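What follows is the residue order along each chain.
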Amino acid sequence: MEPFERYRSIIDDFDAFLAACKRPLGNAVRINTIKTTVERTLTALDEEGVDYEQADWNPRVLTLETDSPGSTWASFHGFTHGQEEVSAVPAVVLDPQPGERIWDSCAAPGSKATQLAALMDDRGTVVANDNNLGRISALRFNAERLGATSLAVTNEDARNYSLNRFDFDAFDRTLVDAPCSCEGTIRKNPDALDNWSEGHLSSVAGIQKGIIRRAIQATREGGTVVYSTCTFAPEENEAVVQHALETESCRVVDFDLGLEHSSGLTEWDGETYDSSLEKAARIYPHQNDTGGFFVAKLEVTA
Amino acid sequence: MSDDETNDGQRFDRLPATDAERTVEGRATRAEVVDYFTDRFGIPPETFDDYTFWEKGAGKIWIYSGDAPTPIEIEAIGMTCLRTRQEHWKPTTDFVQRVGREASDCVIKLDREQAQRFATGEDQDLEWDGDWGYLIAAHEVAGELEPIGIGLYVHGELRSMVPKGRQRDLES
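Chains S and F supply the protein sequences, listed in that same order. According to our numbering, the first sequence is numbered sequentially starting from 1. According to our numbering, the second sequence is numbered sequentially starting from 303.
Treat the hints as calculated values from the structure; they're not laboratory data. From a predicted model like this one, the values you see are computed outputs, not experimental measurements. One or more hints might be untrue.
Covered stretches of chain S, as calculated for chain F (at least 3 residues, CB under 8 Å) [claimed, not checked]:
1. 71-82
2. 120-128
3. 135-147
4. 156-168
Computed from the model, here is a short list of chain S residues facing chain F with C-beta under 7 Å [to be verified]:
5. 40
6. 43
7. 44
8. 150
9. 152
10. 153
Here a beta-carbon is modelled for each residue, glycine too, at the ideal position from N, C-alpha and C.
Starting from the given sequences, assemble the full structure and let the hints guide the process.
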């Protein structure tokens, strides 16, 4: 937990934050409404004798009282999908509509891409891309198990993504759930900080900046880009969005979030960021007993 | 439209609507695919109105609801739904779970214990009055029949076709 000391000055109740990071996380699942309804899933779990708790902010997110959430009938039928509670946030913030064209630029293993499809009633086009061919097999497995028919899967580097293969030239909305240092997954992966270094943050940030820029370019004027990570480092969060503000036509916009969270930062380590970064959300583990997350919503302005 | 006269395993081609539009030898048509689901399982043809069907590799058919030009080189388009280019066409487990609730024919209802055995991939002896061949295995969930997957019924035995990676031991 030593690397987290650098966040002592920006996190309220830092001791509670550290204590939460040391507690293991419960088994969260998302209800897959492509295959069934929330009510029917709850009844199926009741019939199996699996207890659950429904998230206040999202009735489709449950914490299951079982050690094997993948070995229930509800899971076998694709009614539920193992997905951390905060991981269900960015797709909701992106707010895709049925019939739209959506790009999930870093999609494997597909939890968020299939959630996007579900939010669109599986109507429209969700281009689920990932640069890692090995992880694409997991993405495909999940997409089939969850019955997502609106996914088109591609294997490209998002930083220079081409839409040439499609018969449209811009997306309505894009999700950049960027590869990151994963500090916020410490409760699931106790070794998440093993290879932590400031040098690593800065090399990952370079990739993130390339992806967010391409995402904005590939999204139509008036469209939406959501940028998210599962890490706390401002170098990978506010600094990346700041870079997008400086280099592409976009602005940071407000969004509603039913989870307790903190505002995005406007300064860090001698750098200052645009005041609109306050509209971004930082979710810390002690606030809702979840993993850690960052999410910012952008509107493309040209 | 493609001017290739052979199936190309590296890309997806949209199925021709009918025989008259077929250019690739052995390729199923959209009409044949919809007829198969309707004739075999009683799935209403309008179920598929908003979907396109695609072939990649010999006989593997995919169902897709989004936008795409044909042909297209891509990792996946929608989900696999059917294996053609063999004597008996075979739907996939995941597709049957997705649309099988619409089926009225060739659906075999399993009790709790039979359903558990089916999900583990076990074959079992069962009575069945209907056609032999591929059946949709289903059981009751929350008061309605829910498809589990595809089984092959022959000689008084239901063989589970649930792929290895999807098999689960569901004790409850």
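Quick rundown of the hints versus the structure:
For the region 71-82 of chain S, the proposed coverage by chain F is satisfied: 7 residues have a C-beta within less than 8 Å of a C-beta in that chain, meeting the threshold of three. With 5 residues bearing a CB less than 8 Å from a CB of chain F, the region 120-128 of chain S meets the requirement of three and the coverage assertion stands. By the rule of at least three residues with a Cβ nearer than 8 Å to a Cβ of chain F, the coverage given for the region 135-147 of chain S holds, with 7 such residues. Note: the region 156-168 of chain S has 4 residues with beta-carbon separation from chain F under 8 Å; the three-residue rule is met and the coverage holds.
Contact between residue 40 of chain S and chain F, as hinted, is supported at the beta carbon level, the nearest pair being about 5 Å apart and thus within 7 Å. A cut of 7 Å between beta carbons decides the hint on residue 43 of chain S: the least distance to chain F is about 4 Å, and the hint holds. Given hint, residue 44 of chain S at the interface with chain F, holds; its Cβ is 5 Å from that chain's nearest Cβ, closer than 7 Å. Interface restraint check for residue 150 of chain S: the shortest CB-CB distance to chain F comes to about 5 Å, inside 7 Å, so the restraint holds.
About 5 Å separates the beta-carbon of residue 152 of chain S from the nearest beta-carbon of chain F, less than 7 Å, and the hint is met. Using the Cβ-Cβ criterion of 7 Å, the hint placing residue 153 of chain S at the interface with chain F is satisfied: the shortest such distance is roughly 4 Å.
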